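Trainee: Start from the sequences, fold in the hints, and give me the full structure.
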Amino acid sequence: MKQLRKYFVIMRVSFTNTLTYRGAIFAKFIFYTLFIYIFMSLWRAIYQEGSVHGYDYVQIVWYLIMTEFVGFASGADIYRTMNEEIKTGAIAYQLNRPTHYVAYQYANALGQSIVNILSFGVLAIVLGYVFVGPLETFSMHTVVPLIISILLGITLNFFICMLIGLTAFYVEDNYAFFLIYQKATFMLGMFLPLEFLPGWLQKISQNLPFSYVHWAPARILVDYSPEIGLRLISFQLIWTIAAVILTLLCYSTGVKRLVVNGG
Amino acid sequence: MKKHLKILKCYFRLNLASAVEYRASFISQAFGMALSNSTFIFFWWIAFSQLGGNIADYSFLDVIFIWAVTSTGYGLSKIFFANASRITQLISTGELDTYLLQPCNILLSVISAGTTLTAYGDFCYGIILMAIGYTRDIYAWGWFIVGVFIYGILLTAITVFTHSLSFYMGDATVLGALSTEFAINFAIYPEKIYAPLIRTLMYSLVPVGIAVHIPLSLYREFSFEVTLAAVVTVIGYCCFTYWFFGRGLKRYESGNMIATRI
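So the sequence lines, in the order shown, correspond to chains W and C. Okay, so the first sequence: first residue is 76 according to our numbering, each after it adds one. Okay, so the second sequence: first residue is 1270 according to our numbering, each after it adds one.
Derived from the structure by calculation, the hints contain no laboratory data. Computed from a prediction, not measured in an experiment: that's the story for all the values here. Treat the hints with caution; some may be incorrect.
[Claimed, not checked] A short list of chain W residues far from chain C (calculated; beta carbon distances all over 12 angstroms):
(1) Lys77
(2) Lys81
(3) Val84
(4) Thr174
(5) Ile189
(6) Gln257
(7) Lys258
(8) Leu267
(9) Ile308
[Claimed, not checked] Label pairs and their calculated CB-CB ranges:
(10) W:Met76 to C:Asp1440: 42 to 50 angstroms
(11) W:Phe83 to C:Pro1372: 53 to 61 angstroms
(12) W:Glu211 to C:Arg1405: 46 to 54 angstroms
(13) W:Ser327 to C:Leu1370: 49 to 57 angstroms
(14) W:Ile222 to C:Trp1512: 51 to 59 angstroms
(15) C:Glu1494 to W:Thr108: 33 to 41 angstroms
(16) C:Pro1372 to W:Leu109: 40 to 48 angstroms
(17) W:Glu124 to C:Lys1271: 51 to 59 angstroms
(18) W:Glu270 to C:Leu1285: 29 to 37 angstroms
(19) C:Asp1440 to W:Glu270: 42 to 50 angstroms
A virtual CB, placed ideally from N, CA and C, is assigned to each residue, including glycine.
Mentor: Dropping the structure here:
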């Protein structure tokens, strides 16, 4: 319990820090609104040409609002942080602290994410109501599984990004890995629901972790049923545990290779 | 003019040499960006295969054209003038002083002093798209080249204009980033998806419609009047940006920062 308390303090400090920079949050509000507007306009044009199976227009807009929300709520840019700290040797300062490095970064990110979840959550609901009105398929039974799914999506995203950042221990430049991950999540759930993909790709996507960052919470939001909720959350949980284990392994082997010269 | 081109060539050579010094990093970043861009075409492929027709009057080939122009044009701007997006930072930290002392055009010197590695991936990606979509259509390639040059120049001008606002109203970082987002997103989607007000913006404040959607419409059906209006607007916008930067520069108060440029 005492061990956990120090991480709680880190989280609280990060929460307060994020709240201090309200201007940065408002700037992100503009970008969030812009992206939702663009995709809403695009899907409106697509739906004018014909119907897209499985989702109506209101559902697809709420779907996009949720996928973008998970992206914006994810808070810390952990990939860049890891990359910078390993390449510049700044990680040495963190290693001296009486905390586990990975847990420290997670607590720090969680503090930022809580602020983002609360602020962008309000904005997301307002935008949804203003752009397309209420989501008919949503009920109060969806709230708890939705919150669990969002938190798991954010955590999974955090650990995959951290894992990519930690590859800086092994390779000179890992930006390409990050770009590929980013676009894999874009295409496998963020811009397009998996149901829109060709059958063979749907099967592959449902067995990859990328879809469980954005698609799972958005799918639960727009068309929840206990079976779907349980299946998606189970997969999210499995992939999150796998990502945490891989991150810890990568960190423990990578940190032994670390050489910091002066500073 | 000759002197300016010589400076530009010199900066390009130095920036490229610096990029190639870290070869693995350069290749992986450029390749990663090209691969990353291809996911958007995948999105369109799925959207068109779902519907089988046009979306907002654009066919899949039209989308390939606007994507190709935007990607290569963006690459062109960021290969040669990546430093334009650092103008706010240069102003607020006082680093701009270093450029004021050099015996060449200040704006050109500022904007061409940096490059972006991933931009090479963007640049190549558009050409690959054209090679796939319009293999032997010389007419399309012609309008593609025109579009790329105009987009590259306009994107740089838009970036300079918004960042120059820092001379007048303080930190314009968010505005600068927002204008770049507008410039990209207005260009890579069919223009008719946007409301009339946004379409007006696409041809006035952030005029990337001229660089992407007009070359496409001229490729479909040539019009001398439209071409002339587009050329006049581009020249006018660039001249205005140049004047706006110069006027802002007179308000700049030098700091006491000592910096070395090697």
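Trainee: Against this structure, judge whether each hint is valid.
Mentor: A quick look at each hint next to the structure:
no., hint, in the structure
1, Lys77, "42 angstroms, holds"
2, Lys81, "34 angstroms, holds"
3, Val84, "31 angstroms, holds"
4, Thr174, "31 angstroms, holds"
5, Ile189, "23 angstroms, holds"
6, Gln257, "7 angstroms, violated"
7, Lys258, "4 angstroms, violated"
8, Leu267, "6 angstroms, violated"
9, Ile308, "26 angstroms, holds"
10, W:Met76 to C:Asp1440: 42 to 50 angstroms, "44 angstroms, holds"
11, W:Phe83 to C:Pro1372: 53 to 61 angstroms, "59 angstroms, holds"
12, W:Glu211 to C:Arg1405: 46 to 54 angstroms, "51 angstroms, holds"
13, W:Ser327 to C:Leu1370: 49 to 57 angstroms, "51 angstroms, holds"
14, W:Ile222 to C:Trp1512: 51 to 59 angstroms, "53 angstroms, holds"
15, C:Glu1494 to W:Thr108: 33 to 41 angstroms, "36 angstroms, holds"
16, C:Pro1372 to W:Leu109: 40 to 48 angstroms, "42 angstroms, holds"
17, W:Glu124 to C:Lys1271: 51 to 59 angstroms, "52 angstroms, holds"
18, W:Glu270 to C:Leu1285: 29 to 37 angstroms, "45 angstroms, violated"
19, C:Asp1440 to W:Glu270: 42 to 50 angstroms, "43 angstroms, holds"
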